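So the sequences go chain by chain: A and B. The first sequence begins at 1224 in our numbering and counts up one residue at a time. The second sequence begins at 196 in our numbering and counts up one residue at a time.
If you are wondering where the hints come from, they were derived from the structure by calculation, not from laboratory data. As the structure is a prediction and not an experimental result, all values here were calculated from the model. Hints may contain errors.
[Said to hold, decoys possible] No farther apart than 27 Å at their CA atoms in a straight line, the calculated lysine-lysine pairs in the DSS-like style are these:
1) Lys-253(B) / Lys-1308(A)
2) Lys-304(B) / Lys-290(B)
3) Lys-297(B) / Lys-1288(A)
The residues making up each chain are set out below.
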Amino acid sequence: MMRRALSIVTMMLAVALFGSAAHAIDPLPFKDRAEEVRFQNLARQLRCLVCQNQDLADSDADLAKDLRMQVFEMMRAGKSDVEIKDFLVARYNDFVLYDPPLKPGTYLLWFTPFALVAIGAVAVLRILRRRARAAVGEALARGVPIDNRDDDW
Amino acid sequence: MNRLLPLLGFFALVGLLGFGIWWNTHHETNEVPSPLIGKPAPEFTLPLLYDSTKSLSKADLLGKPYLVNVFGSWCATCQYEHPILTAKVKPLGIKLIGMAWKDPPEDSKRWLARFGDPYDAIVSDADGRTGIDFGVYMAPESFLVDAQGVIRYKRIGMFTPELIERELLPELAKLQQAKP
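Chain A extracted, bound-state conformation:
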């Protein structure tokens, strides 16, 4: 009984671990492993338009199937990854790319986090400086040697 349960768990684990690498919702006739890897890699960078939080590799939507076929055929026709992405962007916008490209329209998206961190850093620095000055002033007023002052900062 125990052994049986264990073997089932092992099988499920094996499927979970190794099944995903080979998984293809609609098996495409790849000529070799390299082509398949390239396809999977590309499909993972593309967004399914129907279920918008899934990538093309993962989506079971009918349109995703068509788009995978489109990508596959373009690969076969010798198109580069960039050409395939451009083809889809021309039809469906940057939205099909999971990684938004850096351009004036996305500056806000890309740089706001850094700007916020910079603002925070300036604020922290100013607070530290002020506290240090206050501590020095206090120490001088008390006549304690500055090196020996004990404060938090």
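For chain A, the structure is supplied; the task is to place chain B on it using the hints.
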């Protein structure tokens, strides 16, 4: 003043989040704006639904504006849009081209027999390739193409009488103005 700063920062965040909620309730967040608006419609040649030996191409349609309506018998919303197309769009006098998208022709025909046919011509895009060229990702979708073959407007989802008033009519008026 300095002591109020964190509070002000907090209110600024609340304002930002509130704006986000407002924005998302007033906009269709799933809508992917088409990059094709203002660009020439993709070239296509598709068989006619009722006579697959004949075909209709973009070149055939040049010279007059037309509205391409993407539908399918599998599309539930299309059933709701259908009477609106018949009652509100057909009388506008613009050429209405149906594109049966990813739909076996027999199914499209049966669907039209049941609900009626508001279209001036229907093409069959059974494998969905032309749909991909148009950037179609759901049905119904509609494209307004001008006499020069340039896409002027796209509606993602069904037309309602309000949307026809608010969006389609002004676009048609612009086409009228551009003509003379």
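Original post:
Which numbered hints are broken by the structure, listed smallest first?
Top reply: When the structure is compared with the hints, none of them turns out to be violated.
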